[in-house]
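Visitor: Each chain, written out:
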Amino acid sequence: MPEMTMAEAIAAALDTEMAHDPHVILLGEDVRAGAMGVTDGLVARHGPDRVIDMPISEAAFIGAAVGAAATGLRPVVELMFADFIGVCFDAVLNQMAKLRYMTGGQVRLPLVLRTTIGAGDRAAAQHSQSLHHLFTSIPGLKCVVPATPADAHGLLLAAIRDPDPVIVCEHKMLYPSRGAVPEAPEPIPLDEARTVRPGRDLTIVAYAAMVHQAEAAVVRLAAEGIEAEIIDPRATAPLDATAILASVKRTGRLIVVDEGAARCGMAADIVALVSTRAFDALKAPPVMITPPHTPVPFAPALEDAWLPGADAIIATAPRLCAGGKEGGAC
Amino acid sequence: MNDTLAQEDLLGLWRTMVRIRAFEECVQAEARAGRVPGHVHLSLGQEAVAAGVSFHLERDDVITTTHRGHGHAIAKGVDATAMMAEILGRANGCCGGKGGSMHIADAEHGLLSANGIVGANAPLAVGAALSARQLGERRIAVAWIGDGASNQGAVFESLNLAAAFALPCLFVIEDNGYGEYTPRASVTGTDDLAARIRGFGLPASHIDGSDIFAVEAAARTAIARIREGEGPAAIVAEVVRFSGHFEGDTQTYRPSEEVAAARRERDPLSRFRRRVLEAGWLDAATLDAIAAAARNEMAAAAMAAHEAPSPPAETLLRDVSGEV
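Quick mapping for you: the protein sequence lines, in order, are chains A and B. Heads up: the first sequence is residues 2 to 331, going by the numbering used here. Heads up: the second sequence is residues 121 to 444, going by the numbering used here.
Honestly, I wouldn't trust all of these hints.
What the hints assert, rightly or not - If you want the footprint, here are the derived chain A segments under chain B, 3+ residues with CB under 8 Å:
{"id": "1", "stretch": "111-118"}
{"id": "2", "stretch": "140-150"}
Stated by the list, open to error - Chain A is nowhere near these chain B residues, computed Cβ spacing over 12 Å in every case:
{"id": "3", "residue": "Thr-184"}
{"id": "4", "residue": "Arg-259"}
{"id": "5", "residue": "Ala-263"}
{"id": "6", "residue": "Ala-284"}
{"id": "7", "residue": "Pro-303"}
{"id": "8", "residue": "Ala-344"}
{"id": "9", "residue": "Arg-438"}
As the list claims (entries may be wrong) - Listed next, the stretches of chain A that the computed footprint assigns to chain B, with coverage defined by at least 3 CB atoms under 8 Å from CB atoms of chain B:
{"id": "10", "stretch": "63-72"}
{"id": "11", "stretch": "82-95"}
Because the hints were derived from the structure by calculation, they are not lab data. A virtual CB, placed ideally from N, CA and C, is assigned to each residue, including glycine.
Please model the complete structure; the sequences and the hints are all you need to start from.
Guide: Below, the structure is given as structure tokens:
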């Protein structure tokens, strides 16, 4: 399997699907030049009729992507930053998510909205948010949040082939990260979690960049005798609840690490899932590790303090394993 | 006979207008009887625009419309019985009872959807125009919007995008003088909506929308241009909304004489009737028979809706996302 960056893996998936299906078109701001470092090169292969630069006019072009998906195309539309969703949220909230339901199933929308999430780029409060939980709370939308080049590749292939709207949240700080990607296009089902690492003592559920923080943490936890299992659900909607519950039922302990919102986010959602459906298996109260409930700050010192990471996991896990109703099982 | 319209065309225009009128009056009666869940927004007084524009549309042309969209749907060929059932929340409604009055859709007849969000349907129509061009299909798209929506950013953006890409899209602005309760003139920086649209780089005509001959002529010109691949066009049609913003609206914001005068002078049905009878193009008995048939059709649609069952509970979870 060739090694490539996540950005290259996404571009490869787009290239594959554009070659495979003439109904796939790419819409967005500066997509021909590839301002986000992903789509450059596609216009040379697929032409300006299918790789279309849009005006800075997200309400129009994301709404237009909905209209185009409803009438025979399979658009992949790029919203440069998830933060920009504010100016076009109606197209997502009221159109993309609801047309199939409101029309009694007459209208299907094979549509992908790719957008970037994630802090760490010193881009401040309006270019750094992770908003996957926002999309997850809207019925009618699927949402994936890949952590590796292989997952970004396989999930995007599946998203483009899916008959319903899928929002792909790509963590911008992971674009340069490298990994092996299968040569043949292999779509990854949107509802299957990945067990990143097996372990018996503790379940860590993490998304996107936090998967890598969890991986860094478990190496050090292992040195302390704590064997943590990492589950990357990969999608927030649909959520592979089965994999999460099965893991917690084995380990009895849960940490959710997510860069999204501290309130009403995926951490709260997954803790609620486990608390209501695997309460008896819990040996200790579940823990949510998220950023504080503030906008993303600009100054590097503040942003670094804002971002959750391996240290928080390392600080929490031994306490979780030592405490709880059955004491120190780890 | 009229210069451009054959007798069967005139009959068709009349039939569409009286069917819309009869449908809306029937919905009004149903609402007043308490049989319509939620709100309905009637297009009484605006029938000529729906009929005159749709006269030039083909079945595969795609329209997106508004909360005040019953007339556009009927004129596009959507089955009135399925619409009435939908508005009454019945299982056999065109959306299975999932949409209601504000979300009438009929994919078979190119009605992508009616929209409850003012102006939000314009980008969807632009997308349908984009797909037509990408797929090499001759169909066009129509965005039905009102004067209220004409102040929405999504509409401005759609006009720009359609013009920038020369897309086969028609924007029809029905200016009924009120955005919900508020007079258009009090919240709009120009009285000339057509000139404002021309500023986006597309032609826009400004017509009396209660005169179906003016509507038909403007639509003929605009749609011919669009089908020739010359890019989008717009029509601003001034009309009078005979009813309130929604049925039941007491309209305290509006002089009562305004509607009475409009019903006397700007009722599109009366104007058409007077014109065709004076010119000797059609006879009164024929017109009356068509109007009576329309009233019977809509009364039957309402009766059928009364007798239809509510949607079964198992449909609640269907058509959200995924396989089911």
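Visitor: Name the hints, by number, that the structure is in violation of.
Guide: 1, 3, 4, 5, 6, 9
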